[in-house]
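> Chain A is fixed; fit chain B onto it per the hints.
Listed below are the residues making up each chain.
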Amino acid sequence: MRDRDENEWLEHLRAEYRSAGSGRDATSRERLLERLAHESAPRRRANPFGWLARQPLSVQGAVACAALVLAAAGGIGALRRLDRDAMRGARVPAAPALAVHAGFPGTITFALRAPQVTTVALVGDFNSWDPRATPMRRQGQGDLWTAQVELSDGLHSYAYVIDGADWQPDPGAPLTAEAPFGRRSSIIVVGEQGSF
Amino acid sequence: MRALLVLAACALAASLGSASLAAGDTTADAARLKGRLEPDAAAHVLAIVDEARSAGLPTAPLVARALEGASQQARSAVIVAEVRALAASLGGARDALGTGSRETELVAGASAIQAGVPVDSLARLRASRPGESLTISLVVLCDLVARGVPQGTATGAILSAVRAGGTDRDLLRMREHVHAQIQHGQAPAGAAQKGLRELLERRPGAREQAGGSARRTP
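Those protein sequences? They're chains A and B, same order as listed. Taking the numbering used here, the leading residue of the first sequence gets 1, the next gets one more, and so forth. Taking the numbering used here, the leading residue of the second sequence gets 1001, the next gets one more, and so forth.
This is chain A alone, in the form it adopts within the complex (with noise of 0.2 angstroms):
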């Protein structure tokens, strides 16, 4: 079965981060990220209907000062590139959809796997949600897009631009309930608990 390979995978990837998050270490978690964008996730066979078998995945780490939210994506972000793929007569993507946010007092780490994408930015109320504020980077040849921001402590609310057109929340993170402008954001909170 294809999706426990991927559940292996993702299970990796949360012993990797709850490891390089314990030490709250800057350094480890770049070199982390950097050995990340080399690693790909399982191949899963291009089924049209594969999102409604994909396994969520989300964890916090239990560490004082940090939290992590990993997810692989199902629900609207998968639906909406599914979408987007159909309108385009694209492949599903081969790898799933990750987003990680590793919460750091100050330092916020965004990380989003977004396969066969050109560019993503971080839009959310701490860049007065400009698009062209927060390019993110692709780390390789891969498909893994991160950035480090700056956050204060509080309660923001963000989302991530694809291909300078495409809103999407970040998949495993909470969402706000509302959207104003059609819309939804996800929702993070910095300096309660550590940050998730």
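Please keep in mind that the hints were generated in silico from the structure rather than gathered at the bench. Treat the hints loosely; a few may be bogus.
[What the hints assert, rightly or not] Derived SDA-like pairs: lysine to any residue, alpha-carbon spacing no greater than 25 angstroms straight-line:
(1) B:Lys1034 to B:Thr1099
(2) B:Lys1194 to B:Asp1168
(3) B:Lys1034 to B:Ser1054
(4) B:Lys1034 to A:Thr107
(5) B:Lys1034 to A:Ala133
(6) B:Lys1194 to B:Thr1167
(7) B:Lys1034 to A:Thr118
(8) B:Lys1034 to A:Val117
(9) B:Lys1034 to A:Pro135
(10) B:Lys1034 to A:Asn127
(11) B:Lys1194 to B:Gly1091
(12) B:Lys1034 to A:Ala165
(13) B:Lys1034 to B:Ala1077
(14) B:Lys1034 to A:Pro115
(15) B:Lys1034 to A:Arg132
(16) B:Lys1034 to B:Ser1076
(17) B:Lys1034 to A:Ala179
(18) B:Lys1034 to A:Arg183
(19) B:Lys1194 to B:Arg1124
(20) B:Lys1034 to A:Ser128
(21) B:Lys1194 to B:Gly1165
(22) B:Lys1034 to B:Gly1116
(23) B:Lys1194 to B:Ala1180
(24) B:Lys1194 to B:His1177
(25) B:Lys1034 to B:Ala1074
(26) B:Lys1034 to A:Arg138
(27) B:Lys1034 to B:Ala1047
[What the hints assert, rightly or not] Example chain A residues on the side facing chain B (calculated, C-beta under 10 angstroms, incomplete):
(28) Thr107
(29) Pro135
(30) Trp167
(31) Gly172
(32) Pro174
(33) Gly182
(34) Arg183
[To be verified] One-sided excerpt, in silico: chain B residues whose CB lies under 7 angstroms from chain A:
(35) Gln1072
(36) Ala1074
(37) Val1119
(38) Cys1142
Predicted model, so just to flag it, every value in this text is computed and none were measured. All C-beta atoms in this analysis are idealised placements derived from N, C-alpha and C, irrespective of residue type, glycine included.
Frame of chain A, contents of chain B only:
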């Protein structure tokens, strides 16, 4: 006497400093809004922001809401209406949660109100967890509603979990389980009820403590 003069000078300096900071915030907000919104819309939003500031409500979420609308290319009228609605919800959240509430609680509470959660449910949540932060409880509540859990069911689940002594970590774990169940095809309401059952089962004695509140309409 000299000490009194020094104290008075310090108080004056502090009040001038805070007034100057507030004025700086206002100027920065105005510049950001005028740079991204139509002039009329910017003026309306600034008026709402000023009113909120006078009422002692947080203003950063209002400015952010306007900028979010601008980024999503919403019409000016929609942006102004949404900012006004958020200001009203922030006021409602403060009334329900108390004047001593943290800003994060007010923002999350306002979001819950906008999702249809009754104001008195927020007050009950506060009463269930006095003196402790409700931010994460409210964030989880909003997330459940966003994922399709009926508002009444979601509110009941969170209230039951909190009354049973569920911690923020428990609530976050419940959120993940509900999310997973929904992705596996379970109906959101059923997923929330299952998530609550699991949370209560993990907390020995909590089920009795929660009583039948999981089944009550909040």
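> Tell me, in ascending order, the numbers of any earlier hints that this structure violates.
Those not satisfied are hints 1, 4, 7, 8, 11, 14, 22, 26, 28, 29 and 37.
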